[in-house]
Amino acid sequence: MNRYNRHIILSDVGQQGQDKLSKAKVLVVGAGGLGCPVLQYLAAAGIGKLGIIDFDIVEESNLQRQVLFGTSSLGMNKAIAAKKRLEDLNPTISIDAISEKLTKENACQLFQQYDIVVDGSDNFATRYLVNDASILSNKPFVYGAIYKFEGQVSVFNYNNGPSYRCLFPNPPKEGSVANCSEVGVLGVLPGIIGTMMANEVIKIILGFEHVLSGKLLCYNSKTADISTLKVNKNQSEFDKVLNTEKLTDIYENELCEVSIKDISEEELATLSNIQFIDVREPHEQPKLEMKNCIEIPLGELESNLQLLDSDKTKVVFCQSGIRSKKAVKLLMKQDFNDSFNFKGGISPLLEALKQNIYER
Amino acid sequence: MQLNIKYFGLIAELTTCNEETLEFSEATIADLKEVLVEKYPELKTKDFQIAQNKEIVSSNAIVSGEEIAILPPFSGG
Numbered sequence: 061m062n063r064y065n066r067h068i069i070l071s072d073v074g075q076q077g078q079d080k081l082s083k084a085k086v087l088v089v090g091a092g093g094l095g096c097p098v099l100q101y102l103a104a105a106g107i108g109k110l111g112i113i114d115f116d117i118v119e120e121s122n123l124q125r126q127v128l129f130g131t132s133s134l135g136m137n138k139a140i141a142a143k144k145r146l147e148d149l150n151p152t153i154s155i156d157a158i159s160e161k162l163t164k165e166n167a168c169q170l171f172q173q174y175d176i177v178v179d180g181s182d183n184f185a186t187r188y189l190v191n192d193a194s195i196l197s198n199k200p201f202v203y204g205a206i207y208k209f210e211g212q213v214s215v216f217n218y219n220n221g222p223s224y225r226c227l228f229p230n231p232p233k234e235g236s237v238a239n240c241s242e243v244g245v246l247g248v249l250p251g252i253i254g255t256m257m258a259n260e261v262i263k264i265i266l267g268f269e270h271v272l273s274g275k276l277l278c279y280n281s282k283t284a285d286i287s288t289l290k291v292n293k294n295q296s297e298f299d300k301v302l303n304t305e306k307l308t309d310i311y312e313n314e315l316c317e318v319s320i321k322d323i324s325e326e327e328l329a330t331l332s333n334i335q336f337i338d339v340r341e342p343h344e345q346p347k348l349e350m351k352n353c354i355e356i357p358l359g360e361l362e363s364n365l366q367l368l369d370s371d372k373t374k375v376v377f378c379q380s381g382i383r384s385k386k387a388v389k390l391l392m393k394q395d396f397n398d399s400f401n402f403k404g405g406i407s408p409l410l411e412a413l414k415q416n417i418y419e420r
Numbered sequence: 798m799q800l801n802i803k804y805f806g807l808i809a810e811l812t813t814c815n816e817e818t819l820e821f822s823e824a825t826i827a828d829l830k831e832v833l834v835e836k837y838p839e840l841k842t843k844d845f846q847i848a849q850n851k852e853i854v855s856s857n858a859i860v861s862g863e864e865i866a867i868l869p870p871f872s873g874g
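Order-wise, the sequence lines are chains P and S.
Throughout the first sequence, residue numbering follows our numbering, covering 61 to 420 in sequence.
Throughout the second sequence, residue numbering follows our numbering, covering 798 to 874 in sequence.
The set of hints was computed from the structure by calculation and includes no laboratory data.
Each hint should be verified, as a subset may be incorrect.
Claimed, not checked - Label pairs and their in silico Cβ distance ranges:
id, chain 1, residue 1, chain 2, residue 2, range
1, S, Leu819, P, Thr304, 36 to 44 Å
2, P, Leu410, S, Ile859, 54 to 62 Å
3, P, Thr283, S, Thr825, 23 to 31 Å
4, S, Lys830, P, Ser370, 39 to 47 Å
Quick reminder that beta carbons are idealized off the backbone N, C-alpha and C, glycines included.
Given these sequences and hints, build the entire structure.
Shown next as structure tokens:
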């Protein structure tokens with residue numbers, strides 16, 4: 061086939077290697093900064109079946125680095141927008157877009173349908189979930205993560221190699237490590253790291269010898285320094301997961317210390333005298349344009365408590381409901397007990413208000 | 798013994814350098830952590846792993862290498 065000619069003429073790939081690629085099934089978790097380049101190169105390489113799971117929507121601030129998307133993708137679900145573009149890039153492969161969040165309920169069942177999982181997520185809860193689900197379903201996973209100008213790449217749970225928990229056994233305290241939307245990231249960095257991840261996926265499928273398993277590659281885009289560090293397997297980290305036989309949310313217990321009151325669209329209707337608190341960064345869209353809504357990014361909440369109206373019921377929201385949960389936890393600790401977390405973030409909130417479930 | 802310490806990610810921001818040389822006379826990686834926390838108190842609240850001579854090691858490992866790396870986990874994607 062002419063499409064894969066430049067692969068086939070490589071003696072280390074050949075028609076046999078190309079056939080392996082076209083029979084492979086790869087699941088990419090997150091179609092963001094890392095997921096986009098991974099998906100582009102894997103689709104172009106002719107991976108037979110690509111799965112994309114992402115619940116998020118394409119925002120303008122994503123386009124600086126998530127080059128799979130264009131202006132016409134704004135507002136679309138990322139998995140669906142990615143599928144649309146990739147089908148044009150390579151119509152000969154099968155692409156499954158899953159516009160949901162990866163959860164402890166759906167992870168194992170989903171992983172079982174693929175040969176390799178790629179972690180392009182942007183938070184620790186998902187990263188530990190990917191690790192644990194790949195151990196339980198016995199799948200290798202290609203890991204990549206970024207911070208400002210630096211990136212990490214590795215392959216975990218491959219050929220009896222170490223897992224992510226062998227490298228970082230203890231999940232960091234929630235909120236102790238900022239994400240890209242809070243601290244920024246140089247656009248090309250996820251392009252570099254994501255492309256390295258796609259390369260590892262292809263090496264695994266082709267059966268190459270030097271897969272990045274048991275090693276953590278650290279790249280600094282400012283200095284162009286690359287360090288590769290050895291990571292040893294710690295069987296007890298596997299046993300922790302294997303012995304419980306079910307997945308847990310790493311922050312579930314932590315969040316239980318103070319009980320957070322989640323409210324849904326229906327429950328919102330039962331509240332009155334509300335002050336809405338948007339804890340997203342200023343650039344995040346769409347806005348809730350209401351007089352009784354104030355914007356305080358999560359990182360600035362603690363130093364701006366005077367902006368809260370103690371006579372009102374506080375309903376906190378963000379993009380997806382994760383940061384708002386942290387914000388409510390923080391407020392409860394400061395004795396703002398009439399604070400609620402709006403489940404699911406801005407989209408269902410706007411929907412609820414549009415339907416006039418509750419009176420303005 | 799002279800240790801050459803490399804810092805990564807937000808740890809490098811906290812120490813305000815990517816690399817430095819430190820005189821170390823204690824025994825284990827746990828001791829090294831203490832020395833570092835004393836020098837940079839904010840490290841106490843951070844999560845990180847330590848590599849020596851390009852290998853991730855546990856707290857009870859003996860400091861024998863000259864090349865140390867301090868790695869925080871990254872979550873961004």
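**Asked** Going through the earlier hints one by one, which of them does the structure break, listed in rising order?
**Response** Hints that this structure does not satisfy do not exist here, as all of them hold.
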